[in-house]
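J.: Sequence:
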Amino acid sequence: MGKLTSKFGGGRKTLIGYLTAGYPDIETTMKAVPILEKAGCDIVELGIPFSDPIGDGPVIQAASFRALQQGMTPAKGIELASELRRTVKIPLVFMGYYNPILNYGIDRFCRDSAEAGINGLIVPDLPPDESDALDSAAIENGLDLVHLLAPTSTDDRIDLVVSKSRGFLYLVSVAGVTGAREGVPDYLPGFVERVRRKASQPLAIGFGVSSPPQAAAMAALADGVIIGSKLLNLIDDDPSLGNLESFVAEVREALDRGSVGT
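Numbers in this note's numbering are just positions in the sequence shown, counted from 1, shifted up by 11.
By construction, these hints were calculated from the structure, which means they are not laboratory data. Here a beta-carbon is modelled for each residue, glycine too, at the ideal position from N, C-alpha and C. It is possible that part of the hints are untrue.
Stated by the list, open to error - Computed list of lysine to aspartate or glutamate pairs in DMTMM-like fashion (alpha-carbon distance at most 25 Å, straight line):
| hint | residue 1 | residue 2 |
| --- | --- | --- |
| 1 | K100 | E141 |
| 2 | K49 | D248 |
| 3 | K209 | E141 |
| 4 | K100 | D140 |
| 5 | K49 | E264 |
| 6 | K87 | D140 |
| 7 | K49 | D247 |
| 8 | K14 | E151 |
What the hints assert, rightly or not - Computed beta-carbon distance windows for the label pairs:
| hint | residue 1 | residue 2 | range |
| --- | --- | --- | --- |
| 9 | K49 | T165 | 26 to 32 Å |
| 10 | K49 | P200 | 30 to 36 Å |
| 11 | Y198 | I65 | 20 to 26 Å |
| 12 | E38 | S257 | 16 to 22 Å |
| 13 | R268 | D167 | 36 to 42 Å |
| 14 | E90 | S17 | 24 to 30 Å |
My request is simple: use the sequences and hints to build the entire structure.
T.: See the structure below:
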């Protein structure tokens with residue numbers, strides 16, 4: 012069992028937090044990731060900023076722009092991960108776009124990421140049927156390549172992603188970009204069930220999770236939830252990161268309460 016998969020199951024819903032690496036600066040990311048681990052996150056995604064983040068909504072787009080202005084690059088993201096690995100034990104995943112990886116060099120990126128302590132990759136603009144080169148390099152370096160599915164995914168697409176994805180499956184809750192939203196879409200239970208019938212991997216729902224009750228409701232459908240934009244908003248609102256820690260602890264409590272008996 013890989014390190015990502017090992018964080019799912021046992022009656023506990025998995026909580027995955029997303030931060031844009033280097034937003035608003037490297038020092039804040041260095042402080043925020045240990046706080047997420049302490050407050051109850053099981054996995055942390057580190058977003059590698061890119062100038063054309065087509066899968067991201069306004070909050071993460073703005074964070075990526077700011078991080079790029081601060082000089083964040085894939086190489087600096089790898090250095091950041093290496094520093095973080097000295098203080099945190101939970102799995103770390105890079106979420107980024109394919110162009111920066113190609114520019115860095117696929118094999119070199121996977122090797123350097125693994126050596127820095129990264130456990131997986133999520134590349135939202137890389138179709139699974141065009142992922143062989145990255146997948147081979149990821150496997151060679153012990154990295155899980157996690158693919159995404161959307162409510163609009165066909166059954167054939169679900170079959171392909173299930174065959175290609177390792178660690179877990181990333182289920183996008185909406186047919187759109189990232190960003191905090193309210194409630195649970197009516198179509199989500201049916202979408203999750205469609206994927207569940209075909210997949211042996213754990214299922215994590217992301218895009219739009221913004222409150223503890225909503226996180227618990229989504230986690231009740233799947234094996235875990237992913238929260239991104241809300242965490243970046245909390246960092247903006249309170250640079251001391253106190254609000255970030257208390258929010259994640261509340262989500263953890265809501266997930267654990269909702270997990271009883273499941």
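J.: Hint by hint, work out which the structure violates, then give me just those numbers in ascending order.
T.: 1, 4, 6, 9
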